[in-house]
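Novice: One-letter residues, chain by chain:
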Amino acid sequence: MPLENPTSNMKNDFSGNSRRAFLKQVGLGLGTFVLYSDLIAFPSDQRKIEEEDSIASFIHVAEDGHITAYSGKTEVGQNIRTSLAQVVAEELRVPFEMVDMVLADTKLTPYDRGTTGSRTTPQMSLTLRKAAATLREMLKEEASDSWQIGKTSLSLEGGAIAHPSNGKRLTYAELANGKRLFEPYRDNVELTPVNEWKIAGTSVPKARGRDYVTGKHKYVSDLSLPNMQYGKILRPPVYGAKLKSLDISQVKSMEGVQVVRNGDFVGVTAPDATTASQALALLDASWDSKEHVSRKNLFDHLVKHANLSEKELEFEALNGFEDRLEQEFHIDYISHVPLETRVGVAEWDDDELTVWTGTQKPFGVQEDLCNEFSISKAKVRVITPDTGSGYGGKHTAEAGVEAAKLAKGVEKPVKVQWTREEEFKWAYFRPAGVIQVKSALESNGNLGAWQFHNFNSGGSGMQTPYRVKEKQEKYHRSDTPLRQGSYRALASTANVFAIESQMTDLAYYLKEDSLAFRLRHLDDPRMKDVLIAAAEKFHWENKLPQGRGKGLGCGYVKGGYVATFAEVAFDKESQKVVVKRLVTAFECGAIIHPKHLKSQVVGCVLQGLGGALFEAVDFEDGKINNASLSTYRVPKFSDIPEVEVVLLNRKDLDPAGAGEAPILGVAPAIRNAILDASGKRINRLPMIPDGKV
Amino acid sequence: MKINVNGKSHTINVSANPTLLEVLREQLELTGTKYGCGEAACGACRVMMDGTAVPACITPAVSAQGKDITTIEGLEKNGKLHPVQEAFLEEDVFQCAYCASGMIVSAVALLERNASPSREEIIEAMNGNICRCCTYPQIMAAIEKAKTSKA
Numbered sequence: 001m002p003l004e005n006p007t008s009n010m011k012n013d014f015s016g017n018s019r020r021a022f023l024k025q026v027g028l029g030l031g032t033f034v035l036y037s038d039l040i041a042f043p044s045d046q047r048k049i050e051e052e053d054s055i056a057s058f059i060h061v062a063e064d065g066h067i068t069a070y071s072g073k074t075e076v077g078q079n080i081r082t083s084l085a086q087v088v089a090e091e092l093r094v095p096f097e098m099v100d101m102v103l104a105d106t107k108l109t110p111y112d113r114g115t116t117g118s119r120t121t122p123q124m125s126l127t128l129r130k131a132a133a134t135l136r137e138m139l140k141e142e143a144s145d146s147w148q149i150g151k152t153s154l155s156l157e158g159g160a161i162a163h164p165s166n167g168k169r170l171t172y173a174e175l176a177n178g179k180r181l182f183e184p185y186r187d188n189v190e191l192t193p194v195n196e197w198k199i200a201g202t203s204v205p206k207a208r209g210r211d212y213v214t215g216k217h218k219y220v221s222d223l224s225l226p227n228m229q230y231g232k233i234l235r236p237p238v239y240g241a242k243l244k245s246l247d248i249s250q251v252k253s254m255e256g257v258q259v260v261r262n263g264d265f266v267g268v269t270a271p272d273a274t275t276a277s278q279a280l281a282l283l284d285a286s287w288d289s290k291e292h293v294s295r296k297n298l299f300d301h302l303v304k305h306a307n308l309s310e311k312e313l314e315f316e317a318l319n320g321f322e323d324r325l326e327q328e329f330h331i332d333y334i335s336h337v338p339l340e341t342r343v344g345v346a347e348w349d350d351d352e353l354t355v356w357t358g359t360q361k362p363f364g365v366q367e368d369l370c371n372e373f374s375i376s377k378a379k380v381r382v383i384t385p386d387t388g389s390g391y392g393g394k395h396t397a398e399a400g401v402e403a404a405k406l407a408k409g410v411e412k413p414v415k416v417q418w419t420r421e422e423e424f425k426w427a428y429f430r431p432a433g434v435i436q437v438k439s440a441l442e443s444n445g446n447l448g449a450w451q452f453h454n455f456n457s458g459g460s461g462m463q464t465p466y467r468v469k470e471k472q473e474k475y476h477r478s479d480t481p482l483r484q485g486s487y488r489a490l491a492s493t494a495n496v497f498a499i500e501s502q503m504t505d506l507a508y509y510l511k512e513d514s515l516a517f518r519l520r521h522l523d524d525p526r527m528k529d530v531l532i533a534a535a536e537k538f539h540w541e542n543k544l545p546q547g548r549g550k551g552l553g554c555g556y557v558k559g560g561y562v563a564t565f566a567e568v569a570f571d572k573e574s575q576k577v578v579v580k581r582l583v584t585a586f587e588c589g590a591i592i593h594p595k596h597l598k599s600q601v602v603g604c605v606l607q608g609l610g611g612a613l614f615e616a617v618d619f620e621d622g623k624i625n626n627a628s629l630s631t632y633r634v635p636k637f638s639d640i641p642e643v644e645v646v647l648l649n650r651k652d653l654d655p656a657g658a659g660e661a662p663i664l665g666v667a668p669a670i671r672n673a674i675l676d677a678s679g680k681r682i683n684r685l686p687m688i689p690d691g692k693v
Numbered sequence: 694m695k696i697n698v699n700g701k702s703h704t705i706n707v708s709a710n711p712t713l714l715e716v717l718r719e720q721l722e723l724t725g726t727k728y729g730c731g732e733a734a735c736g737a738c739r740v741m742m743d744g745t746a747v748p749a750c751i752t753p754a755v756s757a758q759g760k761d762i763t764t765i766e767g768l769e770k771n772g773k774l775h776p777v778q779e780a781f782l783e784e785d786v787f788q789c790a791y792c793a794s795g796m797i798v799s800a801v802a803l804l805e806r807n808a809s810p811s812r813e814e815i816i817e818a819m820n821g822n823i824c825r826c827c828t829y830p831q832i833m834a835a836i837e838k839a840k841t842s843k844a
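Chains as they are written, first to last, in our numbering: chain A, 1 to 693; chain B, 694 to 844.
All the pointers check out, no bait thrown in.
Straight line, CA to CA, 25 Å or less: simulated BS3-like cross-link-like pairs of lysine-lysine:
hint, chain 1, residue 1, chain 2, residue 2
1, B, Lys701, A, Lys218
2, A, Lys537, A, Lys580
3, A, Lys218, B, Lys773
4, A, Lys408, A, Lys377
5, A, Lys537, A, Lys595
6, A, Lys680, A, Lys296
7, B, Lys838, A, Lys595
8, A, Lys290, A, Lys242
9, A, Lys242, A, Lys408
10, A, Lys623, A, Lys304
11, A, Lys595, B, Lys840
12, A, Lys252, A, Lys412
13, A, Lys216, B, Lys773
14, A, Lys290, A, Lys304
15, B, Lys838, A, Lys216
16, B, Lys701, A, Lys216
17, A, Lys680, A, Lys572
18, A, Lys528, A, Lys651
19, A, Lys580, B, Lys838
20, B, Lys838, A, Lys636
21, A, Lys218, B, Lys770
22, A, Lys216, B, Lys760
23, B, Lys695, B, Lys770
24, A, Lys595, A, Lys198
25, A, Lys216, B, Lys770
26, B, Lys840, A, Lys636
27, A, Lys692, A, Lys580
Calculated directly from the structure, the hints in this document are not laboratory data.
I would like the entire structure built from these sequences, with the hints used as guidance.
Specialist: What follows is the structure, given as structure tokens:
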């Protein structure tokens, strides 16, 4: 019987202040953590070291042999609950179903910096593999010692070793009956070679998949506690406004409604969400506001306020070339639009706080809460049940902090769920930017000089993968009018858009095939491989009929290589462009779950379609003009072209993440296809908000 | 007031004039139906009302009186998944799956009125449902599969 996952059961809270205390309770109550006495015997400093890298931090074996693995990572749709369990099951030689993952709970899981940067697969997965493999080797050693048989002659199946002649068996559960689980995992332990994978490398069904198609899975927005109140926060009408006055007289008489105020923080609570919304609307507030930069001045503002001297823009290597191409690219702010808006549920028990909230950084939120309330980490527990998406947009958990503030004020548990409008206005955005690219060709057609300056949107993915004699690549911080932050692939999408647009334009100038032009400037075989794989699938060499255009874009970030080829239809009369077909080849080392990997690639490409074609945050005088799903358009069924994906499985390379890199190629591929079809260069994102060039 | 949800009659409190979504989630604890936008623009809150998929977020609870409401929780019968749920599960469609309930309800409503929709008809019927993870091709494949298995 599977061990109950504490994150799925709000009532199942364990008393005590440390994770170790929990382990003790699990040990005594549910499983076989027979390490209690050993623990007490350890000096506290040794315990601390062990806690961080011991097998027990990552893997728990129950009496019935059921295995629970722990990770501080958050499931936001990358399907890591599945892929992490796969590698643990693989190394332990147990069926996939025997491994349950406990994720993202500051009390139960080891510290984790956050589910960001495509690090779960290359780092977390590797750590779990090592912990599991160490456990497996320990089991073999135990059997070898007690049976006096050579370790190499032993094999493990279904979580047990059977003695070759006397019928005895040794299982992980039996092994866990000793203090050795608190040994650190071995950094140099032999991992199962990818070629021998039986569970990893296959498309096992999504962990807890049935709970999602039946509506049973509890997202934070679905949680409720006894006597829980619904909270709403008073927001200023424009960014940066200060509260001048507040009149709460109209809500005073409302049954069950309470108002919490602490400086500019004002919130209301009510026993139901409807009443809470009504009470919020009846608060009468006046505000002081200030001047704001609007979207129409955005790009000038970003360049003007960049933190640099004129000298930094000089690049002598460009001088003296005849054939030069200088272009500027403009990138709008876009919104993540996670379908589950920010939500927090908070409960105080004396001075101890528990917050359930959808975030990519539960341990970061724990720190935020400690700072907010000046309490120690031991008093704050943050739990993140599998969450309704993030895409880099949930590094924070504002709703969780707000719920905790209100819960403290009204002395009852409180849930704060942001409306869609709040999510659009008060979360953060993918940075806007200006990118200036100058490049020069030698007389033989080779890239001679390359200058690349990014203003504001970020330096990620800014380095050209192409061979060039002299280059200068700089990122300049600027004054951002809107709150900006992480987004899937960070600034790489914009930077690769500029690089790949420039490359195609240079190839056009030379009247050379743009694939051939790239290939002869590339040294990295992995980049070449994805380009060639996508080109073959796309049939790049085929001529297209009148009114059609083809283009490509490729890039590398965070261990993933991508090439996307696009075909568009262009109607000269209406100037309308329709994306007809997208072919993407992707490679991120060895593949752990082919189906889920393909899904990530498809998801990246199609989400990227939105930012490429029509998504943009429209803002004016400190207000967002399109803070709703009826005014901010995201990709829908009717926007989806034919999508094909080629996955390259490099079993000789460690697996890397796939939630970010595949987004890189789609925007430049479409831009270059539009150029091919219409002759027009569109050097901005989004390219065609109204569907026309 | 009483409403009929998933074949059962429930007494609900409508004094604050809540939406059907609020009643389902807060009063009946049927949290499978999700809030996504509050303006019928994303499909996360879709439930079936007398067989038609409607957005519960803009439907006043009082207007559900006398209607048969089916939510995602009402599709599974005696532990057996609805064929559309089965198809979505087999195709392993989702990433974060927050859109799942609305998608499945919309697909069930579609196939109940048109057992064999064309690709265009599927897109038209599903276009009000947003999957922000953009698993659209997988959702299309699941609906095609459900269509075939029903036929």
